[in-house]
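Based on these hints, arrange chain X on the given structure of chain U.
In case you want the letters, here they are:
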Amino acid sequence: MSETNEQNIDYMTDSRPIAVGENTPGCKKRDPIVVAEDVTRSFGGINAVDVEYLEIPRHKITALIGPNGAGKTTLFNLLTGFDTPNTGKWQFEGNSLAGVSSYKVARMGMVRTFQLTKVMGKLTVMENMRLGAADQPGERLSKALFKGMWGGREKEITAQANILLEKFKLDAKKDDYAASLSGGQRKLLEMARSLMVRPKLVMLDEPMAGVNPALTQSLLDHIKNLKAEGMTVLFVEHDMNMVRHIADWVVVMAEGKVVAEGPPGEVMKNPAVIDAYLGAHHDVDLGDAEGIKVLEAELEADEESVVGTEDAGILSDIVETKKEDGK
Amino acid sequence: MDFGFIFSSALGELFSPTTAAYALAALGLAVHFGYSGLLNFGQAGFMAVGAYGFAISTLSFDAPFFLALIISVLCSVIFAFILGIPTLRLRADYLAIVTIAAAEIVRYVVTTNQLTSVTGSANGLAAFENTFYAMNPFPEGSYMGMNNRDFFIRVVGWGLVIVCCVLVWLLMRSPWGRVLKGIREDENAVRSLGKNVYAYKMQALIIGGVLGALAGMIFTLPRGAVQPSNYGTELTFFLWTCLLLGGMATVLGPVIGAMIFWVVLSLTQSLLYGLIESGAVTWLTTVQAGQLRYILVGVALMLLMIFRPQGVFGNKKELAFA
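Chain order of the listed sequences is U and X.
The first sequence begins at 3 in my numbering and counts up by one.
The second sequence begins at 1039 in my numbering and counts up by one.
If you're looking for bench data, these hints aren't it; they were derived computationally from the structure.
It is possible that part of the hints are untrue.
[To be verified] Calculated pairs, EDC-like style, for lysine to aspartate or glutamate (alpha carbon to alpha carbon, straight line, at most 16 angstroms): (1) Lys1219(X) <-> Glu129(U); (2) Lys1354(X) <-> Asp178(U); (3) Lys62(U) <-> Asp178(U).
[To be verified] Anything over 12 angstroms on all C-beta distances counts as not near chain X; from chain U, calculated: (4) Asp16; (5) Asp52; (6) Thr119; (7) Val121; (8) Gly123; (9) Asn130; (10) Asp137; (11) Glu141; (12) Glu168; (13) Glu192; (14) Leu228; (15) Arg246; (16) Pro265.
All residues carry an ideal CB built from backbone N, CA and C; glycine is no exception.
Here chain U stands alone, though its shape is the one from the complex (with noise of 0.2 angstroms):
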C-alpha cells in the first residue's frame, strides 16, 4: 500500500486493483475496512452464515448478491452487533467488534439500514433526521432541561438535516409524520437518517425495494457520490440493474457461504453465480428494443430454446410485437 499519496485520491476514479492477487472467494484486499473470518451463525440444524473469510475493500461500494434464505441479512446482523456469531471474530477498522454491543458498533462509524424498513412513525421526518445525529450534547439527561447546552448543536445538525432532506427529494415532507410517507419514501428517510450519523461504513438493505424506476436513478447517483465523501458502501440488493451499475465488486452469497467475488462484469460471467442465483439471460435488458433483439438472438443460438425454429408457434409472435414497440 502506498501510505505517501493515499490523501490525494480521488475515491470516484481511483482504479487500482482491489484484490490483492486472484478474484477468488474470500481473497485478500489492498485496504480493508471490515474483516470476518470463520464467523458461523446457525439457526437450529441450519447454518444461515459460514463464512471462512471476507475483506471488505474501504473507499469502495461493494454489493452482497445472492439467493433468498443465503444469508444476507444475517450476515449484516452479525456484522453489527444485532446478532451474534456462534464462532468467529470479525473487525472493523482493526477493532474487533466480538462481545460489542449494536449501539457501539453504530458510534464506531458503522451504520446500517433495514430490509424491513425502520422509521419512527410518530415522529416527524425532521425528527427523524435529527435522531441520528451524533455527538448531541442535549441527549445526556444531565443537559437535556437546559437548551442553552444543546441549542446550538440543534441548529448545526437541522441545517444538516435539511441538505441531506434535499438530496433525498423529501424536503416537502419535513413535518409529516413519517408514517405517512409511502413505503419507498420510508426507504429513503431510513438511509437519509443513517448518513446523519456521519458513517464510515453504510450497510444498506435492499435500499431499492419499492422506490421508483425515477428516483432510483438519482439515488444510485446519491449512493455513488458517498464514495467520494469517503464513505465505505456495503449493500444487499437483488436488483441487478443497480449492482452493475454502481458497484465496485460483487460478494455472492448462497447457503451461508461466499461462493464468488470479484469486480461485476467478472461475478456476472461466472458459471456457478449464474446458476445458483442470477438465470441464464441475466444480462438482457428487456425493458428496451434492443434488449429483445439479443435476447432472441440468443435463444436462436440457444439449442434448448424453441425460438427460431419451426416449433416457436406463439413465441415468435410475441417477439416480434415487442420490436414493434420498442421502435
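The following block gives chain X in isolation, referenced to the frame of chain U:
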C-alpha cells in the same frame, strides 16, 4: 337534591391532594408509556415504595422530613433498577408482567405479620405526618373554606405537580426526549443510530418511578396513614384511566385526566345518592351506587377509547397511523 353541595364537592375534588397524587403518578406513567413505550403496570408499587419509604424512615428512624423524602425517592430508584435490570433488555410485555408482579410483592411484603413492628402489617402505619405539618407556614385560620393543614398540603401537592410538569415538558422537548420517543417507535432503529437504548429506558423508568414515589407521599400525607390495601392493582388501573383520559404522550393530559376522573367519580356518587335519598331511584342501595360509579367510569373509558382514542389532549394525527 342539593345541587349546590353536589357541585361544590365535585369542585373540591378538582384540587384535592388525592387528585394531585393521581396526577403525579399518571405523569410518571406518561413518561413510562406515553413517551418511552415502557408498559408499567406496577405504578401502585412505586407509590407504595414512596409512601412506606417515607413513613418507615420517619417512624422507625426518626428521620427529619427532607431526609425521609430523600430516602423514599432513593428507594423508588432502587426499585426501578431491580425491575429494569432484568427486563429492559427484553420486549415491552415482559416489563408489564414483572411490574404488576413486583407491585403485588411490595404489597404482600408490607402486609406480612413478621414485619408488623416495621410496616404495621395490614393496619399500616400512622402518625408520621407531623414532620411535614411542622413546616406549615400558614397560621391557623380559614383559607377558602379549608383549615391551614388542608391548605398547606394542597399548595405543596399542586406545587409539586406544576414543577414536575415543567420538568417533564423540558425533558421531552430536548434531544433526550426525542431519543425516548424514538425508542417508543422502534428501539432497534434507535440502536442502529448509535444510542444506548438500555440506558435511556432505565433513565425513563427511574424518572417515572420517582414521580410515582412522590405521588405516594402526597397521597398518604393528608390521610395521616399508609395502608397496604390502598396500593392494590386497582390503583394502577385508575392511574391508567387518568392517563388515557388525558392523552398518553402529553404533559397536561395526565393532570387533566386525574381531575376529570375524580370529578366524575364525585358527581356520579353525589347524584346517585341524591336520587336514592329523594326516592326517585328505588332499585339501588347507596352501597350499590358506590359500586355503580366505577362501572360508569369503565363505560366512560370505553366510550372515550372508541370516540376519542387520543384522549382529551392527545394529537389525533399521532393515532391516524397506529
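Against the structure, the hints:
1. A distance of roughly 10 angstroms separates the Cα atoms of Lys1219(X) and Glu129(U); the hinted pair therefore holds under the 16 angstroms criterion.
2. Between Lys1354(X) and Asp178(U), the direct Cα distance comes to roughly 13 angstroms. Compliance with the 16 angstroms bound is thereby established for this hinted pair.
3. Taking the CA atoms of Lys62(U) and Asp178(U), the gap is near 35 angstroms; set against the 16 angstroms cutoff, the hint is violated.
4. Residue-level check passed: Asp16(U) sits 29 angstroms from the nearest beta carbon of chain X, beyond 12 angstroms.
5. In this structure Asp52(U) is separated from chain X by more than 12 angstroms, as the shortest Cβ-Cβ distance comes to about 25 angstroms.
6. For Thr119(U), the non-interface assignment is contradicted: its Cβ lies about 9 angstroms from the closest Cβ of chain X, within the 12 angstroms cut-off.
7. Not every Cβ of chain X is farther than 12 angstroms from the Cβ of Val121(U); the closest lies at roughly 7 angstroms, contradicting the non-interface assignment.
8. Once the 12 angstroms rule is applied to beta carbons, Gly123(U) is inconsistent with being away from chain X; the minimum gap is 5 angstroms.
9. Look at Asn130(U): its CB is around 8 angstroms from the nearest CB on chain X, not clear of 12 angstroms, so calling it non-interface is violated.
10. With 12 angstroms as the threshold on Cβ separation, the claim that Asp137(U) sits away from chain X is violated: the shortest Cβ distance comes to roughly 10 angstroms.
11. A Cβ of chain X approaches the Cβ of Glu141(U) within 12 angstroms, the least distance being about 5 angstroms, so the stated non-interface status is violated.
12. Against the 12 angstroms criterion, Glu168(U) stays outside the reach of chain X, whose nearest CB is about 21 angstroms from its own CB.
13. Chain X draws Glu192(U) into its interface by the beta-carbon criterion, the shortest separation being 8 angstroms against a cut-off of 12 angstroms.
14. Interface exclusion of Leu228(U) from chain X stands, the closest Cβ pair being 17 angstroms apart, more than 12 angstroms.
15. The beta carbon of Arg246(U) is kept farther than 12 angstroms from every beta carbon of chain X, the shortest such distance being approximately 28 angstroms.
16. No beta-carbon of chain X is positioned within 12 angstroms of the beta-carbon of Pro265(U); the least distance is around 29 angstroms.
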